[in-house]
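Generate the whole structure from the sequences, applying the supplied hints.
Note that the numbering used here has the sequence shown beginning at 1, numbered continuously upward.
Everything labelled a hint here was simulated from the structure, so no lab data went into it. All clues stand as given, with none of them false.
Distance condition first, Cα-Cα at most 25 Å in a straight line; then the derived SDA-like pairs of lysine to any residue:
1) K103 - F68
2) K39 - L16
3) K103 - D75
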Amino acid sequence: MCRKVRESVACPIAFLTARVEDADAIAGFAAGGDDYVTKPFSLEVLGARVRAHLARSERSSERAVVGFSCGTSIDFGAREARVNGRPVELARKDFDIVALLAKRPGQVFDRAMVHDLAWDEPGDPSVVTEHIRRIRRAFAQAGCETDPIATQWGVGYSWRA
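Written out as structure tokens, the structure reads:
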């Protein structure tokens with residue numbers, strides 16, 4: 001199961017288990033797991049481990065220029081998106097949404113999650129729909145023939161790998 005998830009999702013994977021044998025932990029890491037936590041565990045320590053994994057994942061993605069389908073590349077550090085070398089004109093908040101989705105390709109975010117993670121203040125999550133529309137139009141105008149954002153009807157949005 002972990003190998004299958006790892007094929008399409010780049011986020012850290014942690015095993016939470018009652019199995020304490022070294023062979024089980026080794027198998028978990030070999031399958032693509034990033035952490036192996038055995039019961040009993042403290043929720044505070046688990047939270048700290050998750051935050052550390054996410055921060056590490058975030059730091060590595062910010063340094064990279066990542067390539068995707070239709071010749072799309074995103075330089076998270078420079079806050080630039082390109083399609084076959086042509087710049088994609090994105091507003092600041094639109095790039096924030098692109099970065100959020102593209103750093104976790106395949107992971108589905110509903111509108112409320114996108115809003116909570118991309119905006120620093122409370123507001124109406126329905127504005128996300130308009131931003132997604134503008135992002136799609138900007139990538140199409142730059143020459144991307146395939147929509148980089150997949151819509152999971154009734155669930156949310158994800159970045160195509």
